[in-house]
Amino acid sequence: MNKYSLYAVLLLFITSCSSDFLDRNPLDQPSNEAFWNTEKDALAAATGCYEGWFSMDEVVYFDCASDNAYNPYAWENWQVQATGYATPNNYGQNYMKYDKIVRCNNFLANIDRPEMSEEVRSRLTAEVRFIRAWHYFLKVTLYGNVPLVTEVLDVNNANLPRDPKSEVVQFILDELAAIAPELPESYTGENVGRVTKGAALTLKARMEIFEGDYAACAVTCGQIMQLGYSLFPDYRGLFKMANKNNAEVIMDVQYVENVAKNGILGVMPPASVGGWSSIDPTQALVDAYECTDGKTISESSVYDPKEPYKNRDPRLDVTVIYPGCLYEGKYFNSIDPKDPNGDYYAPYGRSKTGYHPRKYIDNLADYSDMWNTGMNAIVMRYAEVLLMYAESKIELNQIDDSVYEALNAIRRRAGMPEIDRAVYNNQDKMRELLRRERRVELALEGLRWFDICRWRIGEEVMPGQVYGALLGTVDPETGALTLTDERIKTEIRLFDPAKHYLWAIPQDVIDATNAIEQNPGY
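Going by my numbering, the sequence shown opens with residue 1, and the numbers climb by one from there.
Warning: the hint list may mix true and false statements.
FRET-style restraints, in silico, Cβ to Cβ [claimed, not checked]: (1) Q398 / S298: 21 to 31 Å; (2) P476 / N397: 44 to 54 Å; (3) A242 / N191: 15 to 25 Å.
Keep in mind the hints are simulated off the structure, nothing from the lab. These numbers were taken from a predicted model, which means no experiment stands behind them. We put the CB at the ideal spot given by N, CA and C, even for glycine.
Work the whole structure out from these sequences, hints included.
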């Protein structure tokens, strides 16, 4: 959203030099007073609020906090989120910062001042309220109770205690319900990528389903389903530059090559093509994909453990670079310890599970430089809405044709058979299918950790040995596999359900105020 250069000037007004936890805002009053005059000022200020609201880094790395992926490099600050060894002083990622909320609060405190179109003022106000709600959604789902700050704080009122999670959740839901009618259903031209009504309602549905309010979520999803979104016909094409801003995308982070570049895609590919191998899919994720007959690998007659990637859900081939697949003109070999060009045993820049992500980097020729692209980061898309709708109806035990059709639409698009209603004919079986379908459809898109938390399945899926591919050889001419019984091992993880559903509050946050208490167990 870096379309207005004046946002950099604005940040001089809204960035605090204070070390206080809530980043109190001792504004340069004369400069701030002089700024809020025109519609151009308001647009620049809103753009400043968009800056850093989310990123491709977070979209592709967040699954490393879950059982879907492994991050081998501690300095990237994602590995510790999954291991169970996070501490207040070694906490990995930090979403307890309030600088972005300060920007939003400052905008909302001043947006009434410029002389401008009331229609534009109303829209920008709704956009910034969405961004603030988004930041609170991340905070409350990751940390539980957090301070709820909705106005610019003065020097004497900067350090506040945590508010109950229920109050923050209600604030998010109230904000999103209020702003949705103020937002357009779509944009054209230079405004594409800004917050829409669909984005506000999708975040509302996420908050509702996270809280287990399935009745409300089903209603919200029904509203989104009337807004004109549709599944992009090609699952592989959904993640390609040529198809940016298609009818499935509800909200994304916009990038522009050389101007506001997406500089993160290079962390995913193998070292053999210049990548870093920072995000390594796990065997647990690969095993979640059904076979082409619509059955799991433990049930299907077409699954062969010595040819484990054949006869599988086509989404596996779109999502994961696996041993023996054709990638960038060569048959990928990550499993032969005797191969000097192998991608497993080298200490850095190579996958530690034998797998790499494929979404967004299916064909590197799509980019002149994979470290400088204009590829957008999809944060919300219509398939997620269909999955939330189906899940809500299943949890309410209201399993009707609309539930099957929502899931079948996603499966048909992927090239998978429709649901066998003779097998999936009750709430337990449909819940099992829905959770598997959601996992593979949205794999490596940053949502798996949140699903683990709301389903309370962490103690089942997180602890223990993290496995990768079977070792063996790959025929460089044909890609044929010869596999051994030895499987790659990465790390052993811990998970305490009394502790690890919430992240540790960073110690520097606690040290900056006498009002913040640590989460239990840390």
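These are the hints, each one checked on the structure:
Between Q398 and S298 the C-beta distance comes to about 29 Å, which sits within the given range of 21 to 31 Å. The given range of 44 to 54 Å is respected by P476 and N397, whose C-beta atoms sit roughly 53 Å from each other. The hinted range of 15 to 25 Å is satisfied by A242 and N191, whose Cβ atoms lie roughly 21 Å apart.
Hint check: no violations occur; every hint is consistent with the structure.
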